[in-house]
Each structure stands twice: as structure tokens, then as C-alpha cells.
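2 protein chains.
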Amino acid sequence: MLDLTLLGTGGGMPMPNRFLASLLINYKGNKILLDCGEGTQVSMRICSTGFKSVDLILITHTHGDHLNGLLGLLSTIGNSDRVDPLTIIGPTGIVDAINGFKILVPYLPYDINVIEIKENEDFIYKFKEVEICALYVSHSSPCVAYSFYLPRRRKFLREKAEELNIPTKYWKSLHQGNPLNLNGNVINPEMVLGENRGGIKFSYVTDTRPLNSIKDFILNSQLLFCEGTYESLDKLDKALKNFHMTFEEAATLALKGNCEELILTHFSPSILNPGDYINNAQNIFSNSYIGKDHQSIMLSFNEK
Amino acid sequence: MLDLTLLGTGGGMPMPNRFLASLLINYKGNKILLDCGEGTQVSMRICSTGFKSVDLILITHTHGDHLNGLLGLLSTIGNSDRVDPLTIIGPTGIVDAINGFKILVPYLPYDINVIEIKENEDFIYKFKEVEICALYVSHSSPCVAYSFYLPRRRKFLREKAEELNIPTKYWKSLHQGNPLNLNGNVINPEMVLGENRGGIKFSYVTDTRPLNSIKDFILNSQLLFCEGTYESLDKLDKALKNFHMTFEEAATLALKGNCEELILTHFSPSILNPGDYINNAQNIFSNSYIGKDHQSIMLSFNEK
Numbered sequence: 001m002l003d004l005t006l007l008g009t010g011g012g013m014p015m016p017n018r019f020l021a022s023l024l025i026n027y028k029g030n031k032i033l034l035d036c037g038e039g040t041q042v043s044m045r046i047c048s049t050g051f052k053s054v055d056l057i058l059i060t061h062t063h064g065d066h067l068n069g070l071l072g073l074l075s076t077i078g079n080s081d082r083v084d085p086l087t088i089i090g091p092t093g094i095v096d097a098i099n100g101f102k103i104l105v106p107y108l109p110y111d112i113n114v115i116e117i118k119e120n121e122d123f124i125y126k127f128k129e130v131e132i133c134a135l136y137v138s139h140s141s142p143c144v145a146y147s148f149y150l151p152r153r154r155k156f157l158r159e160k161a162e163e164l165n166i167p168t169k170y171w172k173s174l175h176q177g178n179p180l181n182l183n184g185n186v187i188n189p190e191m192v193l194g195e196n197r198g199g200i201k202f203s204y205v206t207d208t209r210p211l212n213s214i215k216d217f218i219l220n221s222q223l224l225f226c227e228g229t230y231e232s233l234d235k236l237d238k239a240l241k242n243f244h245m246t247f248e249e250a251a252t253l254a255l256k257g258n259c260e261e262l263i264l265t266h267f268s269p270s271i272l273n274p275g276d277y278i279n280n281a282q283n284i285f286s287n288s289y290i291g292k293d294h295q296s297i298m299l300s301f302n303e304k
Numbered sequence: 001m002l003d004l005t006l007l008g009t010g011g012g013m014p015m016p017n018r019f020l021a022s023l024l025i026n027y028k029g030n031k032i033l034l035d036c037g038e039g040t041q042v043s044m045r046i047c048s049t050g051f052k053s054v055d056l057i058l059i060t061h062t063h064g065d066h067l068n069g070l071l072g073l074l075s076t077i078g079n080s081d082r083v084d085p086l087t088i089i090g091p092t093g094i095v096d097a098i099n100g101f102k103i104l105v106p107y108l109p110y111d112i113n114v115i116e117i118k119e120n121e122d123f124i125y126k127f128k129e130v131e132i133c134a135l136y137v138s139h140s141s142p143c144v145a146y147s148f149y150l151p152r153r154r155k156f157l158r159e160k161a162e163e164l165n166i167p168t169k170y171w172k173s174l175h176q177g178n179p180l181n182l183n184g185n186v187i188n189p190e191m192v193l194g195e196n197r198g199g200i201k202f203s204y205v206t207d208t209r210p211l212n213s214i215k216d217f218i219l220n221s222q223l224l225f226c227e228g229t230y231e232s233l234d235k236l237d238k239a240l241k242n243f244h245m246t247f248e249e250a251a252t253l254a255l256k257g258n259c260e261e262l263i264l265t266h267f268s269p270s271i272l273n274p275g276d277y278i279n280n281a282q283n284i285f286s287n288s289y290i291g292k293d294h295q296s297i298m299l300s301f302n303e304k
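Protein chains in written order, with full-length UniProt numbering: chain A, 1 to 304; chain B, 1 to 304.
Extracted from the complex, chain A is given alone in its bound form (with noise of 0.2 Å):
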């Protein structure tokens, strides 16, 4: 199970009645932070997500809309009695971004571990039990978006162990995959475990053009994340020009994808009131919804 807190929904620049985009992603009260505009860590005091337990911290670029708020909540996860390191993971530029917050925070109690993601290399990060996989998009300054993936375990056939008559306490090794040597015979897991089962899937994509690759990436996701910075294609020479989506651009990638559920987000600060414009996701795509900031959404596995 995945809890995500939407801590913002806004693009371009701080605004008085939106947050920057921003996502806080929870896994056993792991967490991983994604984009950090100026303004996110007050998002984070109002949903009272706690500042230390944040793990990893992904950055999909180096605009200041998705970065520049990292400065002050370094310090501030650092007075929360931060010992441990924490991971930044970002697109070119994430690096040299990171050295010069570092020259105006010299003194954290915690190790920034960087990791810089190569185009035209595959990258796959795992955080616990999570895999978190990334792509270059098409924006005006090297930019990814970041799939995750939970797998599910397969279903333990306590009827098959039964019948094997393997005691319960060697069950959860069995579970976990580790063969058992009961009295001389070898339990192979494959005997008491049910089929494949997918796992959770969910993608969050922004500051991008609608690409071919971008499908293949998102593909099957439970749900998308997807920047709906114009509300129309109306602006869709605004669209082009800056490399962002329109509302139904986002909503075809959500299709083409095979998405079941696309909320909008990094809404233009020229974009009162988002839902106002939402049938033209609609129309394209009927599972789509207007982010909302701190919104809470749980992510469960589909299948029984």
C-alpha cells in the first residue's frame, strides 16, 4: 500500500492560492519526497507529514518552481534531528543544482548522497521495496519523470502447506521465498504459492510535450500524475512553446497509456479554477480529475 499526499498543484511560480507541484509519497512511513518548489515544506506543516523520516528526495528538474524550496528544507529536515543520509536524485544538472545549495547550507547534521540520472541509460532506483524507474522528457532544460512500482507478493496456499503438513512457523520463510528442508525433504516455495500477482503501479510526469516514449513508460499505471498546465488547446501554441501539456493532451497520453486514473496538476498560475476546464480531460479521458492541494490519495493493490 501507497499513501501519496498531493502537497501542491501549481506550476511556474509561487502563488498565494496554490502550492507548487509537489508529491509526498509514503511507503511504511518511508518517504519520498517529489519536487520541492518554494513554499513545499510549508504544504508539508500543514499535512503534518513530519520532516524526518523523508528518505529520498526526487527532483525532476532544476527549475525553480520544482527546486529552488529545497534550500530551506534541508535545514529544516536538519533540525529535525536528521542523522541519517539522505538520497537527491535528479536530471543533468541535479549535481552542480545541489553543490550550490550546499555553499548556502554548509552546516547539515546529515550526508546528501546525489545521484545524477544518465540520459540514454536505463535507471532503476530501489527504495525498499519499491522500484522507482526514471525517463528524459522533452522540456527546456533537462527533465525525467519517474515511474514507481510496488510488486506483490505471491498468495500463500495455506491449504497446500496443510496438506504437505508443514509446520505454521516455517510459513513466512516460505512466503519470503526460501526453500525449506523439513525432516530430509526440500519445500520448494513454488509448492505453496499461488500465481503471479501484479503489483502497484503509478507514474508522475510533468514539464514535458507528450511523447511516444512517455506511453511506453507509463504504461498499465493504476494512476498518472500529469501536468495540466493549460487548460485547453486553445493555448496550445503556449503548450508547444514552453513544452508543457493542455488538459487534453494529458488526457490522451492517460489513454494511449492504458491508465486507470489521471489527476492533473502543475496547473498555470493564469488557471483559476482548474475544474472549470475539466471536460476537456473528460471528453478524452473519463478517469480524469483535477489535483487538489493536500489532497490524499491510497494507492492498494488491484487484484485479490
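In case anyone wonders, no lab produced these hints; they're calculated from the structure.
Bear in mind that the values here come from a model prediction, so they are computed numbers and not experimental data.
There's no promise every hint is true.
Since the list gives no way to pick out one identical chain from another, each pair is judged satisfied if it fits inside one copy or across any two copies.
[To be verified] Cut-off 30 Å, straight-line C-alpha distance, at most; resulting in silico cross-link-like pairs (DSS-like, lysine-lysine): (1) Lys102 x Lys241; (2) Lys118 x Lys102; (3) Lys241 x Lys160; (4) Lys52 x Lys235; (5) Lys292 x Lys172.
Please build the complex by placing chain B on the supplied structure of chain A, with the hints as guidance.
Then chain B, alone, in the frame of chain A:
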């Protein structure tokens, strides 16, 4: 006349219910920003101050709650089409800090001129007609207080000018202090000007313990903005440890400095409602008030 806008009144860290302490000073449409924590630009938007006409930024010290918002604000000022150079003034450390920002925001359409105030040297800076002085105070990092003085012109005595048969077209130049040669007779401005008149003085003191030197620095201010990080003398141990003041100490400073009015600011996040404790200040200095985010104050010349 000076128009002041209290952009925020919080100290320590950005919080949901209070912007970080910052002041915007508007003199004839030219603006001075004093301190810039995370979120200051959002408060500027709420107050519709505009960004392009910020000509001068004064920083009290380089702690994050007074500085971090500059990272995004410099870009936002750039996006406002400003091309005129911008001056940033601050204490020891400001040059390094701004150099750090320049790494993170390398492309701005205007030049930044940084002035680092030297310790043990008088500092006076002239912004239009406003004289700005700085004083090193006592904090855990180099920190300065600022005072502002707008002199008032002497009154033009029109009855004297009429007695001397000076045509009205020369009055303005005489009022500005220029002598006049009228048909061979030299008219000295002293002949048509009234007595010296007091100008507008206000001061801004934050992140320091009270000092005797501050009392002299703020002397006779029409208005003193002073930090009241802690609400009562019960917190004196914290005030001493963290180099801050209590409400009582700020009020005592206003009293000793013969100020006309005190506005408290830079409240600790632990103070939910500073107004609950205003008596702690008013018992010492009756013209004490709690600063409010987005409050506007107009300072006019006192005497006629």
C-alpha cells in the same frame, strides 16, 4: 511620505499561518525590500506590490528565514522585465550568499550590485532622498539593524519672496537651495526659507539582543519595528541562548530610544496569537502594537 507594507511577521521558519518577517518600503514608487525569507514573493503578490520596481534589497543577516526567498525572487524580478541593476546590501557574508544564488540562477536580465557593510565603520546609503544607516547588532551570525531618515525641506516663505519681488518662476529653484541672481542682486535661499524641520525616521531591528548602541541608533524614531521573538520574560533563557528579545525587552528598547510607536514582529512559530501577550509590551511602552501580515503603514512628516 513613506508607505510601508509588513509582508510578514514570522521568525525561524516558514509557517502556514504567518509569512516570514519582511518589510516593503515604497518611496514615490521606488521600492526597498527589507529581508526576504521563503514565501516573501507570495506575500508580495497578495499585497500587489509588483516586482519590477524593487530597486534595493536590504538583508539583516544571512540566516535562511531572512534570505532564502531571494533565490526565487531574483528570477521573478527578472520575469517582470526589469533590466535596471538591482542593489543588495547586507552584513558580512552577503557577498558569498549572493554568489551562491548566482550559481543557481545564472541568467538574469539585470545586474546585481552587492554591498557588504563593514563592521566598525559607519554605514550610510542614500536611496533617492532617503538616508539608510546600518548598525551591527548581536546575533549568532553577523547581523545589522537599519534606520531610515527622509529629511524634510525647509518651508518656502512666499510672503518674503513677494516682499523681495521675486517672480514665481524662480521660487522652485530657491526652495531647492539654489542662489538667484535677479537683475544683479544675489538672492540667497536663506532669505526665503523657514527654519529646519524634522524629517521622517523609522528603524528596523531584528535578530539581536537589546544593546545600548541600538538605543542610540533608533533614537527618536517615529516608528520602531522590533523583533519580539518570545512573548514574555519567562522565555528570557531562550532569548539569551538564541540571541533574540522578549516583548518586554523590545518595549524597553522603544522607551529608551524615545520612539513614538513600536510594532512587534518576527514572532516565534511557538506563539499562536501574539496579541494575547501585547500587555507585556504595553505595560512598559504604551504605544506598542502587534505587527500583522500585509499591514500597511503610512509615515508622514510630523510637524507642519
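Taking the hints in turn, this is what the structure says about them:
For the identical chains of this complex, Lys102 and Lys241 are inter-copy neighbours only, at 26 Å across copies versus 33 Å inside a copy, given an alpha-carbon limit of 30 Å. Taking the shortest Cα distances, Lys118 and Lys102 sit within 30 Å of each other both inside one copy (22 Å) and across copies (25 Å). Taking the closest pair of Cα atoms, Lys241 and Lys160 never come within 30 Å of each other, the shortest separation being 61 Å inside a single copy and 67 Å across copies. Taking the shortest Cα distances, Lys52 and Lys235 sit within 30 Å of each other only across copies (27 Å), while inside one copy they are farther apart (41 Å).
Taking the shortest alpha-carbon separations for Lys292 and Lys172, neither the intra-copy value of 40 Å nor the inter-copy value of 59 Å comes in at or below 30 Å.
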